[in-house]
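Undergrad: Those protein sequences? They're chains A and B, same order as listed.
First residue of the first sequence? That's 1 in the working numbering, and the numbers climb one at a time after it.
First residue of the second sequence? That's 1 in the working numbering, and the numbers climb one at a time after it.
Where hints are given, some of them may not hold.
As the list claims (entries may be wrong) - Label-pair ranges, simulated between beta-carbon atoms: (1) B:ASN300 x A:SER209: 31 to 41 Å; (2) B:ILE346 x A:ARG480: 50 to 60 Å; (3) B:ASP67 x A:ARG480: 49 to 59 Å; (4) A:ASP213 x B:TYR132: 30 to 40 Å.
Said to hold, decoys possible - Residues from chain A shown here face chain B by an in silico Cβ test under 7 Å; the list is partial: (5) LEU319; (6) GLY428; (7) LEU429; (8) TYR430; (9) MET433; (10) LEU434; (11) ILE437; (12) LEU439; (13) SER441; (14) LYS445; (15) MET446; (16) PRO452.
Unchecked claim - Here are the simulated BS3-like cross-link-like pairs (lysine-lysine), alpha carbons at most 25 Å apart as the crow flies: (17) B:LYS209 x A:LYS491; (18) A:LYS52 x A:LYS40; (19) B:LYS5 x A:LYS197; (20) A:LYS40 x A:LYS98; (21) A:LYS197 x B:LYS209; (22) A:LYS180 x A:LYS156; (23) A:LYS205 x B:LYS5.
These are computed hints drawn from the structure, not numbers from a lab.
In this text, a Cβ means the ideal position worked out from N, Cα and C, and glycines have one as well.
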Amino acid sequence: MNGKLAKDIEQNIKTIEGLFMNCYDIVIRRIEMGEGYKVKIAVIYIDGLIDKNHVSEYTIGFLNSEGSGSFSPIGYGKDILDYISKEVLANAEVQEEKNMQNIVDAILSGDTVLMADNTDKALIIGSRGWVFRSIEEPETEAVIRGPREGFTEVLKFNTTMIRRRIKDTNLKIVVKAIGKRSKTGVALLYMEDIVDKTFLQEVNKRLMSIDIDSISDSSSLEFLIEDNYLSAFPQIENTERPDSVAASLYEGRIALIVDNSPFALILPATVGTLLQSSEDYYSRWSDSTFVRLIRLIAVGLTVLSPSLYIAITAYHPGLLPAKLTYFLAASRIDVPFPAVVEATLMELTLELLRESGTRMAGPVGSTVGIVGGLIIGQAAVDAGIVSPLMIIIVAVTTIASFVIPSTEFASGLRVWRFILMGFSALLGLYGVMLGIILLGSHLIKMDSFGVPYTSPYSGLGIDTGELKDTLLKAPIQHLRERPEFTRPRNKVRMGGYWKNGRK
Amino acid sequence: MEGNKRVSNKQIRAMVVSTIVGVGILSLPNQLAMASGNDGWVSILVAGLLTIGVVVFIGKIFDIYPDKDFFQIGREVLGNGIFSIFLIILFAYFIALVAFLSRSLAELIRAFLLATTPTEVIIITFILCTSYIAREEINIIGRLAYHIYPLILISTAALIIVSIPGLDPTNILPLFQSNVKEVPGGIRTSFFSFVGYEILLFSFFYSEKKDGRLKSAIQGVLIVMLIYVTIFFTTLAQYGLHGLQRQAYPTLSLVKEIDLPGFFVENLDGVAMAIWVLIVFSTMAPSYYSAAKVFSNLLNVKDHSMFILPILPIAYIISLLPQNTVTLTETLGKFLDYSGLIVIVILPVLIYFVGIYKLRRNKK
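Take these sequences, add in the hints, and give me the full structure.
TA: This is the structure we're talking about:
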């Protein structure tokens, strides 16, 4: 199969038929053209992967009209495929190919192959066109203000959306096929003159070392190339938004777009970038700064609040003001469980609700939410199984976890929330601190492609004043340099002086 | 991207601050008040200046041998045999330090947070949690320091600002009344509070820029001096000399005094203890790291991470030897004083002078 094409068209067709045996979607259309001396031609494609109108009209149609009319023995003797490609076909992309494997790959990817007798070449005609989902608003990263288009499952459209935003030859889009069987197209996007070379090499090295059957989604790729696959935290960002990808490319980061996946990967990712949303750059700076501080509070709440509740009620009621202590004790007086059981019970209930809400589409999902959240919560308090304060804590925890823009990061924090609850049940506030030490150590020691995961808080960003675009969001006039953590080769992104960013 | 084990100069500064400030911060004002009365701050300054002196010696060593790490320098200058003896003392020192830190933490946790939890449980959980980061390389220790460093500065500043309303400045007076004979005792007490700068032995070689590293380290010591002096004055102004001499942990008591009208949390000592656990952790992690590093070098093994768990039981057992807090300071504390004097004061100075001597001899 790896061999070259034979001169005899019948033999070639036989090979293809052999390879595609029992594949009902393969179509081999035979044509004979020319007056007097008939030249045998075959057009091969997979039904459903190609744009049928395009092939019928511009390939088969032109061949037929040529064959019945002026096509004469002139073509014979000379290179017939060259003649067909140059003078007959009206398709945009036509290319010669000798290798059987490449031809088979082309057919499988939706191209049309044209073979002729008496030549050891074939033409590959670009004719990809299949049914696809149209461009829609991304569901996971909604914005109030900002572009509304999201990626689709088609690689070509996705890269086009990026190209439309970066009209610069420095934007490089390198496509590799990953997966021995799936041969999934993976596009590597970067800005040639901004990206750090060693970083690019590292990404290439990791992509090259992948040896797997199939990549079904960008998430599989993410798990294969990230630094610490055992961690609960994502070390690569993913997004449905082309504008986020374009913005990251301008920062000197690298994007990976995987065919059949509407989620692009952006790397490296740090705690700082995972807590950013593209909306931050579309709203006023004061608003974005406020929202970013809110997010940090949300991180604290989602990790800490249940474990602090356990620690304080079970071990250190004296740490609260006296009035609050009495209130707490009064609200828990009928609760038959220790605080840790109460908290675990409610957290588990809420996780059940969340999971069922995610799997159930639309109206059913919201019904589950209402029934679960309102009715169960109220009933639990009325029955005296949990204290009202617990319900508040659990609700706040969950809402806080939805504030975090990256759902993967939020779910990593969720895992640690349960670990911290265990620690606090055993050792009280000291246990909570041990949990924080472990979580902090874990975050601090992680790297994402050579970038400290906790940057810019790890000393990298404080030096370079990067906190103004992570902890806060300074007005755009003050963000004249690219963030430093990606080690961009071209550092300045805005010229001129501070008045309005204009010169 | 592997092999990038560098630390920046700011990380060095943070490392100095976060490693030095540790257990001592809670009890230092009391010890100083006992040793040299109202003039405790003088001994802080003197001890700090002495520390800076040693730090300069350490910096000079690495200037003489720019392309060697501490162990290579020691072997070359002092010879394998003598240096190994020093390494054994250094290892004993670090292990004792880890034990001392975890035991002191356990005693305080028992006193303020968990009255019924056995000391053993607190010690073992703390050492285990520290071992998770101690197995990493110096760049990670540097990052850790940089995360704790702002916490130390902010919490100290907040504590002092919040307690200003209750202070009585006349308590600080009279100045310069103490007996000259009492000053050395105070210096000895406060010098032990500056222990921790020895992390520079392991971090200077890995600094990104050679020029500013000594300056950053000295800045770190100066920041620590500032923190100690302000805390000493604040507690002195709050309690007066006699009050201070009766408070075992004046810094913590200071937190308890805070009572802001309309403030949500009345009893802030829980918060203070929580932050203090992190601060002790930031002293513990470099010490544990250094202990394993020294041990691995004694055995001529490059990777120190495999020794983290084997040396854990040693530290654990040593930490359980003293009966109570008093014997803890009398036995382990004394041992740390003397062994520290040998390995973190005499050793760097010795290496420096022998190194200079050898260098001159080679030139001739």
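Undergrad: For each hint, tell me whether it holds in the structure or not.
TA: Hint check:
1. B:ASN300 x A:SER209: 31 to 41 Å: Roughly 33 Å apart at Cβ, these two residues keep to the hinted range, so it holds.
2. B:ILE346 x A:ARG480: 50 to 60 Å: This hint holds: roughly 52 Å between Cβ atoms.
3. B:ASP67 x A:ARG480: 49 to 59 Å: For A:ARG480 against B:ASP67, whose Cβ atoms are near 39 Å apart, the range 49 to 59 Å is violated.
4. A:ASP213 x B:TYR132: 30 to 40 Å: holds (35 Å)
5. LEU319: Given a least distance of 4 Å, the restraint on A:LEU319 holds.
6. GLY428: Hint on A:GLY428: holds, closest Cβ of chain B at ~6 Å, below 7 Å.
7. LEU429: Hint holds; A:LEU429 Cβ to chain B Cβ min 6 Å, cut 7 Å.
8. TYR430: holds (5 Å)
9. MET433: holds (4 Å)
10. LEU434: holds (5 Å)
11. ILE437: Holds - the Cβ of A:ILE437 comes within 7 Å of chain B, reaching about 5 Å at its closest.
12. LEU439: Constraint on A:LEU439 not satisfied, violated at 10 Å.
13. SER441: With a closest approach of 4 Å, the A:SER441 hint holds.
14. LYS445: holds (5 Å)
15. MET446: violated (10 Å)
16. PRO452: Cβ of A:PRO452 sits 6 Å from chain B, so the hint holds.
17. B:LYS209 x A:LYS491: holds (21 Å)
18. A:LYS52 x A:LYS40: holds (22 Å)
19. B:LYS5 x A:LYS197: holds (19 Å)
20. A:LYS40 x A:LYS98: holds (18 Å)
21. A:LYS197 x B:LYS209: Judged against 25 Å, a Cα distance of about 22 Å means the pair holds.
22. A:LYS180 x A:LYS156: Holds. A:LYS180 to A:LYS156 sits at ~21 Å (cutoff 25 Å).
23. A:LYS205 x B:LYS5: holds (21 Å)
In summary, the numbered hints that this structure violates are 3, 12, 15.
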